Amino acid sequence: MTDHGHSPQEIAERINAPPGRGVLRDVVYGGIDGSVTTFAIVAGVAGAGLSPFVIVALGLANVLADGFSMAAGNYSGTKAELDNIRRIRAVEERHIALYPDGEREEVREILAQKGLSGDILIDATAEITSSTENWINLMIEGEYGLGSVDPHPMKAAVATFFAFLVAGMIPLLPFLASVPNAFAISAWMTMAVFFAIGALKSRWSLAPWWRSGIETFLIGGLAALIAYLVGSLFHP
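When you line the sequence shown up against full-length UniProt numbering, it's residues 1 to 236, in that order.
Fair warning: there could be bad hints in the mix.
When the alpha-carbon atoms are kept at most 25 angstroms apart in a straight line, the in silico SDA-like pairs for lysine to any residue are as follows [as the list claims (entries may be wrong)]:
id : residue 1 : residue 2
1  : 155       : 66
2  : 114       : 136
3  : 114       : 66
Just the calculated beta-carbon pair ranges, DEER-fashion [as the list claims (entries may be wrong)]:
id : residue 1 : residue 2 : range
4  : 141       : 180       : 56 to 66 angstroms
5  : 90        : 51        : 49 to 59 angstroms
6  : 61        : 233       : 17 to 27 angstroms
7  : 229       : 61        : 17 to 27 angstroms
8  : 234       : 65        : 21 to 31 angstroms
These are calculated hints, taken from the structure and not from any lab test. Predicted, not measured: the structure shown is a model, and the values here were computed from it. Think of the CB as a built atom: it goes at the ideal place given N, C-alpha and C, for glycine as much as any other residue.
Based on the provided sequences and hints, a complete structural model is requested.
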């Protein structure tokens, strides 16, 4: 857990420039999916008894094509989220212009649920509704449950793609290097990546690093096992 300062200047800088959700979700999502899908191909093709050349060809195709597809999907999804926030802003701006008394009552209710009452509630409502921007920001958070910091579609897409690319290449490295027992080494390396991603994820949670690592390890391992068993059904 990261500590931060509480001097007046540090507080003002932090509150006036909130970081938003960042790219943690995108990196974890891309990394896990890159490892799982690429090793699933490796396990499935190995289970079918096909050559290492086929494993590398299909694996590289997956890393590039599926990685780009995931990045594009994340870009579109994040952009849709951003468009929705803009739409809600426009709706609230129109409601404030047409129904100011009703919108003030909504602000009063939001603040009351945060613990304000009496004259403080009346004064706070008047102060917030004196600025249309502050008014809309409070409505977006209090009425719709959305953050006031807009997401970044391109940043989310780039983070997803590179996390997918880096993690997805790990299962292919033993085959690219043509080492003996490439599949076994690939499996161990991929399991290590699963655990590492989970352990790293715990930095931003309250879960112990080993528990988060084991959880991701089991999820990825189960996906790989399913792929290997399906591939083994087609072994000649």
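Here is how each hint holds up against the structure:
Between the alpha carbons of residue 155 and residue 66 the distance comes to roughly 18 angstroms, so the proposed pair stays at or under 25 angstroms and holds. With a C-alpha separation of about 17 angstroms, the suggested pairing of residue 114 with residue 136 holds against the 25 angstroms cut-off. Restraint check: the Cα-Cα separation between residue 114 and residue 66 comes to about 45 angstroms, which exceeds 25 angstroms; the hinted pair is violated. A C-beta distance of roughly 58 angstroms is found between residue 141 and residue 180, which places it inside the suggested range of 56 to 66 angstroms.
Checked against the hint of 49 to 59 angstroms, the C-beta distance between residue 90 and residue 51 comes to roughly 57 angstroms, which is consistent with it. Take residue 61 and residue 233: their Cβ atoms lie about 22 angstroms apart, and the range 17 to 27 angstroms holds. The hint said 17 to 27 angstroms for the Cβ distance between residue 229 and residue 61, and at roughly 22 angstroms that hint holds. For the hinted restraint 21 to 31 angstroms between residue 234 and residue 65, the CB-CB distance of approximately 22 angstroms keeps it satisfied.
Violated hint for the displayed structure: number 3, the only one.
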